[in-house]
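2 protein chains.
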Amino acid sequence: MAQLSLPQRCAAGFITLLLLSSTAFAQTSDADQAHQLRDAALKDGWGYQFLETLTTMGPRLAATDAEARAATWAETTLKEAGFENVHRESFPMPAWQRGRERAEVVSPSPQRLVITALGGSVATPPEGITADIVLFRVYSDLLAQAPGSLAGKIAVVTERMPRVMDGASYGAANAIRRVGPSEAAKRGAVAYLHRSLGTDNHRIAHTGATNYQDGAPRIPAAALSNPDADQLERLTARGTTKLHVLLTPTVQENAQSWSVSAEVKGSVHPEEIVLIGAHLDSWDLGTGAIDDGAGDAIVAAAGKLIAALKPHPKRTLRVVLFGGEEMNYSGAAYAKAHADEASHIVLAAESDFGARKIYAFLAPPGSATTPFIRTLADTLTPLGIFLAREPALNSGDDIVPLHAAGVPVIAMRQNGLDYFDIHHTADDTFDKIDQQELNQNIAAWVSMAYLATQSDLDFRKLATDAKQP
Amino acid sequence: MAQLSLPQRCAAGFITLLLLSSTAFAQTSDADQAHQLRDAALKDGWGYQFLETLTTMGPRLAATDAEARAATWAETTLKEAGFENVHRESFPMPAWQRGRERAEVVSPSPQRLVITALGGSVATPPEGITADIVLFRVYSDLLAQAPGSLAGKIAVVTERMPRVMDGASYGAANAIRRVGPSEAAKRGAVAYLHRSLGTDNHRIAHTGATNYQDGAPRIPAAALSNPDADQLERLTARGTTKLHVLLTPTVQENAQSWSVSAEVKGSVHPEEIVLIGAHLDSWDLGTGAIDDGAGDAIVAAAGKLIAALKPHPKRTLRVVLFGGEEMNYSGAAYAKAHADEASHIVLAAESDFGARKIYAFLAPPGSATTPFIRTLADTLTPLGIFLAREPALNSGDDIVPLHAAGVPVIAMRQNGLDYFDIHHTADDTFDKIDQQELNQNIAAWVSMAYLATQSDLDFRKLATDAKQP
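Chains X and E are the protein sequences, given in the same order. Each step along the first sequence adds one to the number in our numbering, with nothing skipped, and position 139 is 173. Each step along the second sequence adds one to the number in our numbering, with nothing skipped, and position 421 is 455.
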């Protein structure tokens, strides 16, 4: 600092003091506003009602009439809720539909098995497939088999997915469903069954998309309920077991899906966008309450509380309800359509893990010590949410393509101990939602969305700086 | 006492002492034997294995090939286990089979509903029934409707069955399933759906027999899963709801079922019989693990431990695995066929409430203060079982006709908090069995069966005396 006269120094000191107190005042004000929004969310009734109505409309399988009905309803509902620029954005995708699905033990003792086709599975011949099974209790044992060794057999994998709080076991087990059918086909199998990627013990199978690999025959693939996988373990321990499997799914190649977009225009930097999303489509077996009607309700209810603020926060908040997530179209169409805009999206996040309580949040890389994160952490502490040590590197499948295009993310971590009891099953219904836990989610999301839209932080720059050695 | 000389008094005293010590010795010996059997049962592996194998054989629907297969297997298995006089006893009954079952909301929003036909239900026309519903949240509200008031409608009852430890809520709610269809039909309804008599929240419906009443049209009847009953409540709260229901059950009138009987012949009073039973048939949806494969395993394993004793206990122990219980043929055929023998059955009991721990037992009327019950209570205390204050007045549906014919009963009370989560559903599978809890049941039953077969008590007389004013 250069030498200043006393009056100059006093004046400078006074100005510094003014600036400091103005900054302090602004921070206090944002924090207070975040606290008020958080507390209002805890008493929210709109989000729960939104979810109840959404789940009365029938399953929202991607690229079907039911998904379209839900998108139309969501558009109307978000307009009524005070959002601006509410519209649907369509994109092309194939429409896979389930058809009949049936399996039974032919010998040694006839009995029905509970299965469900994997999303994208091809059909069996109309008469089904009847064959002996080869059972692997560990998936890697299947991978260790020689080509041709499963010729004419139905391959069955009964590896279990462990129950863990953050759901990380799902990622670890995912190849069993995604890649298993092609790995079995490469070895000659004529069909593929696997133990559901689920932690329950009910006669309800968990569906989910599979991805046929190039260079392998496409064989019919389905998930067994956990008790049925156990039963096949018992039967094969006693001798040869023959099954009959029938699947009749169909695909319409040139269908379309929709995402619904709604905004709260920023009062100072409307061109800077904080995007919070969830996916509107669901599997066809349940009614899509935890996956992902809950996410839709959480981000919509958080956005609605922010839309009611006068003036609006500085940046624009955009709520996107993505279509087609379950069928591998997770945000890819959205990222492509919005490629030119990606640099204006300052932060993105998705809620797609049910409605159990959030217990931690992950800051965007390089931002952990910023006032934004400190204020957010203080706001979330009373909700039982702590700041995780590791930075946010993803935040929902629909956000992955945006993140790949350079959009920084922030993430919430929820209690998923019972998530995979229900995930992708007929049991995904509204009765599984606890309103208080749903509201804790809305409270966390509205706090985060408000503080992010009110912040001036350049998360991109922080992330880039954090990467420097 | 008359005057005795000293030598006489000494001799009398000596004899009294001898008698006392002999009694004390006999009691100690029986108690010790009961304790040894109890402790051996806690380490049992045979019962669990029996149940595992039984449940691999497919559902054992009454009067079907699957039930016959199980009866043949049980006969062989009980012979190998050391029982005497092992044989099957056939009796005639109709064979009801399920067929297809399907329901969906036609309007306002198409979606599938999970239902299951009630045992004994008639079929719908081949094209199904399409009609608006009238929904009653309380069963008595249906009963309050005027004749004709439900003309052309599908009646839906969504009253909930409470979760209670001893399962008493099932009896209270039973009329909803047993009588509801006829009550709805009397008022003009064309079909009847009710919320499953179940305490779970899964998309799995609970079946069970219904009993059409004379003088009312026989209308198709099915149970809704709990979440589906909830969904119909939500939809009807929003407006008119139209369903399509299809059921295609069939009945073969002149079929037959089998009970399996096995004995441990008494060493002193072989003509006096203590009968312990369970039922071998099951519903067709699951594999009959808790209902009632567990009971079969418990009484068979208890009997096997007693069969190994040399010498056998004084009285004969008879183990009966009843056929056809679920279809209202509960022990009636057995009691009829054994009418002449009923007076020789000194005590009877059935295990038909799953494999959760027993927490109390009920003494035959008038026997609570006898040495038999005191020794039994002492033997069961370490298992966490207390003597209930009220006497045993029933002990399983198959025993009711024997009890009506004068046979005294003894009863065990089990923890049924989660029994009606699974009861009569596809979820009734072997994985629901906890081996330690199963063994606690076997330990209690072997203790009771041993002490009863070793006892000289006349339970009939005690019960008659207890009835005197």
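For the record, the hints were derived by calculation from the structure and aren't laboratory data. Careful, some of the hints might be misleading.
Identical copies look the same in the list; a pair holds intra-copy or inter-copy alike.
SDA-like cross-link-like pairs, simulated, lysine to any residue; straight-line CA separation at most 25 Å [what the hints assert, rightly or not]:
{"no.": "1", "residue 1": "K276", "residue 2": "R132"}
{"no.": "2", "residue 1": "K495", "residue 2": "A185"}
{"no.": "3", "residue 1": "K187", "residue 2": "L76"}
{"no.": "4", "residue 1": "K348", "residue 2": "R134"}
{"no.": "5", "residue 1": "K276", "residue 2": "T87"}
{"no.": "6", "residue 1": "K276", "residue 2": "R134"}
{"no.": "7", "residue 1": "K113", "residue 2": "S143"}
{"no.": "8", "residue 1": "K344", "residue 2": "T106"}
{"no.": "9", "residue 1": "K276", "residue 2": "G222"}
{"no.": "10", "residue 1": "K495", "residue 2": "A202"}
{"no.": "11", "residue 1": "K391", "residue 2": "V213"}
{"no.": "12", "residue 1": "K187", "residue 2": "A102"}
{"no.": "13", "residue 1": "K344", "residue 2": "A115"}
{"no.": "14", "residue 1": "K344", "residue 2": "A65"}
{"no.": "15", "residue 1": "K187", "residue 2": "S301"}
{"no.": "16", "residue 1": "K276", "residue 2": "W107"}
{"no.": "17", "residue 1": "K276", "residue 2": "A157"}
Hint by hint, here is what the structure shows:
Taking the shortest alpha-carbon separations for K276 and R132, both the intra-copy value of 24 Å and the inter-copy value of 24 Å come in at or below 25 Å. In this assembly of identical chains, the alpha carbons of K495 and A185 never lie at most 25 Å apart, being 55 Å within a copy and 71 Å across copies at closest. Taking the shortest alpha-carbon separations for K187 and L76, neither the intra-copy value of 54 Å nor the inter-copy value of 42 Å comes in at or below 25 Å. In the homo-oligomer, the alpha carbons of K348 and R134 never lie at most 25 Å apart, since the shortest distance is 52 Å inside one protomer and 59 Å across protomers.
In this assembly of identical chains, K276 and T87 lie within 25 Å of each other by CA distance solely across copies; the values are 18 Å between and 44 Å within a copy. Both within a single protomer and between protomers do K276 and R134 lie at most 25 Å apart by alpha-carbon distance, with minima of 20 Å and 23 Å respectively. For the identical chains of this complex, K113 and S143 are inter-copy neighbours only, at 22 Å across copies versus 58 Å inside a copy, given an alpha-carbon limit of 25 Å. With identical chains, the CA atoms of K344 and T106 are never at most 25 Å apart, being 28 Å at best within one copy and 79 Å at best between copies.
Taking the closest pair of Cα atoms, K276 and G222 come within 25 Å of each other only inside a single copy of the chain (17 Å); across copies the shortest separation is 48 Å, beyond that limit. In this assembly of identical chains, the alpha carbons of K495 and A202 never lie at most 25 Å apart, being 29 Å within a copy and 66 Å across copies at closest. For the homomeric pair K391 and V213, neither the shortest alpha-carbon distance inside one copy (32 Å) nor that between copies (43 Å) is at most 25 Å. When the C-alpha separation of K187 and A102 is checked against a cutoff of 25 Å, the pair qualifies neither within a copy, at 40 Å, nor between copies, at 31 Å.
Taking the closest pair of Cα atoms, K344 and A115 come within 25 Å of each other only inside a single copy of the chain (15 Å); across copies the shortest separation is 81 Å, beyond that limit. Taking the shortest Cα distances, K344 and A65 sit within 25 Å of each other inside one copy (16 Å), while across copies they are farther apart (82 Å). When the C-alpha separation of K187 and S301 is checked against a cutoff of 25 Å, the pair qualifies neither within a copy, at 64 Å, nor between copies, at 56 Å. With identical chains, the CA atoms of K276 and W107 are at most 25 Å apart between copies only, with a shortest distance of 21 Å across copies and 47 Å within one.
Taking identical chains as interchangeable, the C-alpha atoms of K276 and A157 lie at most 25 Å apart only when both belong to the same chain, with a minimum of 19 Å there against 32 Å between chains.
In the structure shown, a violation is registered for the earlier hints numbered 2, 3, 4, 8, 10, 11, 12 and 15, in ascending order.
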